[in-house]
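Position chain B relative to chain A; hints supplied.
Here the protein sequences line up with chains A and B, keeping their order.
Taking numbering that gives the first Met the number 0 as reference, the numbering of the first sequence is continuous, increasing by one, and the terminal residue is 411.
Taking numbering that gives the first Met the number 0 as reference, the numbering of the second sequence is continuous, increasing by one, and the terminal residue is 411.
In case anyone wonders, no lab produced these hints; they're calculated from the structure.
Any given hint could turn out to be false.
To be verified - Below, computed lysine-lysine pairings styled on DSBU-like, alpha-carbon distance capped at 30 angstroms: (1) K130/B to K90/A; (2) K356/B to K90/A; (3) K90/B to K45/A; (4) K45/B to K90/A; (5) K82/A to K356/B; (6) K90/B to K356/A; (7) K82/B to K356/A; (8) K130/A to K82/B.
As the list claims (entries may be wrong) - Listed next, the stretches of chain B that the computed footprint assigns to chain A, with coverage defined by at least 3 CB atoms under 8 angstroms from CB atoms of chain A: (9) 105 to 113; (10) 289 to 302.
Quick reminder that beta carbons are idealized off the backbone N, C-alpha and C, glycines included.
2 protein chains.
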Amino acid sequence: MKNKLDALMQTNDLEAIIVVGPGQHNPAMVYMTGGGHLTNADLIKKRGESAVLFHYPMERDEAAKSGLKTKNLSDYNYTELLKRSDGDNLKAIVNRYQIMLTELGITSGNVALYGRSDIGLNFAVFSALQKEMPGLNFIGEVDNSVLMLARMTKDDPEVERIRKMGIITTQVVGLVADFITSKKEKNGLLVNRDGIPVRIGEVKNRINIWLSERGADNPEGTIFAIGHDAGVPHSSGNPTDPLKLGQTIVFDIFPCEAGGGYFYDFTRTWCLGYAPDAVLALYEDVLSTYTKVTQALQAGRSFKYYQQMTCELFSAQGHPTIKEDPQTQQGYVHSLGHGIGLNIHERPWSGISSDEKDCLIPGSVFTIEPGLYYPDRGMGVRLENSFWVCPDGKIDMLAEYPMDLVLPVKKI
Amino acid sequence: MKNKLDALMQTNDLEAIIVVGPGQHNPAMVYMTGGGHLTNADLIKKRGESAVLFHYPMERDEAAKSGLKTKNLSDYNYTELLKRSDGDNLKAIVNRYQIMLTELGITSGNVALYGRSDIGLNFAVFSALQKEMPGLNFIGEVDNSVLMLARMTKDDPEVERIRKMGIITTQVVGLVADFITSKKEKNGLLVNRDGIPVRIGEVKNRINIWLSERGADNPEGTIFAIGHDAGVPHSSGNPTDPLKLGQTIVFDIFPCEAGGGYFYDFTRTWCLGYAPDAVLALYEDVLSTYTKVTQALQAGRSFKYYQQMTCELFSAQGHPTIKEDPQTQQGYVHSLGHGIGLNIHERPWSGISSDEKDCLIPGSVFTIEPGLYYPDRGMGVRLENSFWVCPDGKIDMLAEYPMDLVLPVKKI
Numbered sequence: 000m001k002n003k004l005d006a007l008m009q010t011n012d013l014e015a016i017i018v019v020g021p022g023q024h025n026p027a028m029v030y031m032t033g034g035g036h037l038t039n040a041d042l043i044k045k046r047g048e049s050a051v052l053f054h055y056p057m058e059r060d061e062a063a064k065s066g067l068k069t070k071n072l073s074d075y076n077y078t079e080l081l082k083r084s085d086g087d088n089l090k091a092i093v094n095r096y097q098i099m100l101t102e103l104g105i106t107s108g109n110v111a112l113y114g115r116s117d118i119g120l121n122f123a124v125f126s127a128l129q130k131e132m133p134g135l136n137f138i139g140e141v142d143n144s145v146l147m148l149a150r151m152t153k154d155d156p157e158v159e160r161i162r163k164m165g166i167i168t169t170q171v172v173g174l175v176a177d178f179i180t181s182k183k184e185k186n187g188l189l190v191n192r193d194g195i196p197v198r199i200g201e202v203k204n205r206i207n208i209w210l211s212e213r214g215a216d217n218p219e220g221t222i223f224a225i226g227h228d229a230g231v232p233h234s235s236g237n238p239t240d241p242l243k244l245g246q247t248i249v250f251d252i253f254p255c256e257a258g259g260g261y262f263y264d265f266t267r268t269w270c271l272g273y274a275p276d277a278v279l280a281l282y283e284d285v286l287s288t289y290t291k292v293t294q295a296l297q298a299g300r301s302f303k304y305y306q307q308m309t310c311e312l313f314s315a316q317g318h319p320t321i322k323e324d325p326q327t328q329q330g331y332v333h334s335l336g337h338g339i340g341l342n343i344h345e346r347p348w349s350g351i352s353s354d355e356k357d358c359l360i361p362g363s364v365f366t367i368e369p370g371l372y373y374p375d376r377g378m379g380v381r382l383e384n385s386f387w388v389c390p391d392g393k394i395d396m397l398a399e400y401p402m403d404l405v406l407p408v409k410k411i
Numbered sequence: 000m001k002n003k004l005d006a007l008m009q010t011n012d013l014e015a016i017i018v019v020g021p022g023q024h025n026p027a028m029v030y031m032t033g034g035g036h037l038t039n040a041d042l043i044k045k046r047g048e049s050a051v052l053f054h055y056p057m058e059r060d061e062a063a064k065s066g067l068k069t070k071n072l073s074d075y076n077y078t079e080l081l082k083r084s085d086g087d088n089l090k091a092i093v094n095r096y097q098i099m100l101t102e103l104g105i106t107s108g109n110v111a112l113y114g115r116s117d118i119g120l121n122f123a124v125f126s127a128l129q130k131e132m133p134g135l136n137f138i139g140e141v142d143n144s145v146l147m148l149a150r151m152t153k154d155d156p157e158v159e160r161i162r163k164m165g166i167i168t169t170q171v172v173g174l175v176a177d178f179i180t181s182k183k184e185k186n187g188l189l190v191n192r193d194g195i196p197v198r199i200g201e202v203k204n205r206i207n208i209w210l211s212e213r214g215a216d217n218p219e220g221t222i223f224a225i226g227h228d229a230g231v232p233h234s235s236g237n238p239t240d241p242l243k244l245g246q247t248i249v250f251d252i253f254p255c256e257a258g259g260g261y262f263y264d265f266t267r268t269w270c271l272g273y274a275p276d277a278v279l280a281l282y283e284d285v286l287s288t289y290t291k292v293t294q295a296l297q298a299g300r301s302f303k304y305y306q307q308m309t310c311e312l313f314s315a316q317g318h319p320t321i322k323e324d325p326q327t328q329q330g331y332v333h334s335l336g337h338g339i340g341l342n343i344h345e346r347p348w349s350g351i352s353s354d355e356k357d358c359l360i361p362g363s364v365f366t367i368e369p370g371l372y373y374p375d376r377g378m379g380v381r382l383e384n385s386f387w388v389c390p391d392g393k394i395d396m397l398a399e400y401p402m403d404l405v406l407p408v409k410k411i
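Looking at chain A on its own, in the form it has when it is part of the complex (with noise of 0.2 angstroms):
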């Protein structure tokens, strides 16, 4: 949570943080500023003081929006710093920051980077940057970001603003159910009136106004494959794709709040009119480790144990999984869940292979989405819900939607 920012800036020895890139769709900005129309800004902050949001000046009202300090760019005259440098951006950039961090009174210790943005001209600022103020290191952190550990558990108004999100997410889910079972059967596939057949780039379309209507945004597009596509864990789906009866649909919805806010992250596997033995059979299995892994839940425990635990209930199922062999793109191949936040990934992770900081704690807020993939036999199922780890330990689903694999068509 944001109030232990200070404590674990302490822990992990940084002086200080800087956030740069636009203010929307920028999750390590979006959590510091709340968000908004930024077009690029940094911010800076100093252990242990408030944060400091540099802005240029057309943007003023948009910065001071976010409630913190704030400070305009063109304070800091770019063009006299730029005749300064001869012309060269490069250096009037790193000497503006120079200006700005020494102000700040950050002049020696770690100080971490963050932000969404390009990471070509970052890469170029921050080397030269480092160069020119030897008594500051300036760092990237790989394993335990400051930042990512602080947003790895939330507090009640961001727990509130996923919930909504999962509303929104599970509203729309409906309608694309309702909207599959208004259509009828013709030669195996789902048609509209006019006896021409619906295509998967049609419920895609209609996922992102339904979306839209309620504010959300979809930034990463919807999931929405079938057969083959449906046994390749990321496989989005083709567009022109008809909906075939009797085959597996993974439907994998993960919109966010508009301008880049919070995710929900949603899975159902669905099969149309009917569903073969073969097929049934295999999202048994998903939905009998799925019941018996979230019944399991308890606050406090890694949340690689339940990887674990997935693993062994889906071996004794005899099917393959990445435990014995990580190489493998049939049977379970991926990990069972993540955090969700700003990021529609993020920690806690649930990898074998994940930190021990990774547990299941008051705040945190994560999938559970076990599945099986066989792409040579043409089908897939995953079955996906979030939750969240209340402050008393309950393990809280954020929202309801009915499991069902079947759903009804009629004959024309």
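Below, chain B without anything else, positioned relative to chain A:
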């Protein structure tokens, strides 16, 4: 254009380029791959050779859609790499890059870095890789990025995609105008049938739905700012503000193709019901300058030539401009326009200190958007259209829409 990439790499002495990050909403990656549902990937291109797209195993089919040569990251056995580096993820990632680059024969020369991704992680990775591969020189280009130079001119399919976004954009602007003029006035405010004021948030929600219905994303939101906010160029507008009659509304809309493709950029200034004399005078100054500048546009000239012209025209009308006072927040406070493409703002730049390379030549796609701002007087006016320099040097506006200031509104 992309077919000039090898020549540009030669000129700028680049042995290779590396693009990192997701497959969507990541301009450099979208340019090289065409987009697609890749959570995270690496694209590496050696000069004179085809690009190779390195992807995660679950995303193999998504990667294949790019039509590029692909390589599965699972071939590098990360578990084994991690073991060899005693569980240090940074070392394992660096080691994997080292193997990948060596396999592609990239062992000496300059390597430029691109991609919108986590700057901390990438700063750490490429700083460490630099030490492991001293024959290579990893660089971030600040002023003359080879990829931005290639992207600065568009080929015909790119222009058609931008033009299509222009049609969608102006359709939605028309729907907003229809929506507003279907409402009535009461006590100086635009109201719904029940007499309750229409608020900016309601207009913006409808814009998102109408864009979504047409297959467009709106990742950066819309500027729909009234009164004082219209006087601050990048204020996006307060959702709870009602629509007052007789006040300037700056409506700047810049959606992109779904998944983070090509943008369009378009602005109108509206005044509901009537325009007070001071607003009309301001609008006429902007329109007259807009008209003179667009009529003077000629292929081959530098973009800043027209910025110069715009400053002179506004000065002659008696407005302060950034030419005389770079810090001014009244009058003409920004540059004339910018290139548009996979970034909403990209080269060519029109600022007074922009490069000689930033000129309007066949393939350039750019905005012209003069504006005048008086926040203390509660008003601002900006007019913007987007243009293309055709192969024969003709200048073509990409989407037509009336320039009218006043939207008529009836009393309730």
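Evaluation of the provided hints:
1. K130/B to K90/A: Holds - the C-alpha atoms of K90/A and K130/B are around 23 angstroms apart, at most 30 angstroms.
2. K356/B to K90/A: holds (20 angstroms)
3. K90/B to K45/A: holds (29 angstroms)
4. K45/B to K90/A: Within the cut-off at roughly 29 angstroms; holds.
5. K82/A to K356/B: Cα-Cα ~20 angstroms, so holds.
6. K90/B to K356/A: holds (20 angstroms)
7. K82/B to K356/A: holds (20 angstroms)
8. K130/A to K82/B: violated (33 angstroms)
9. 105 to 113: holds (count 3)
10. 289 to 302: Contact hint for the region 289 to 302 of chain B vs chain A: violated, 0 residues under 8 angstroms.
Violated hints, listed in ascending order, are 8 and 10; each of the other numbered hints is respected by the structure.
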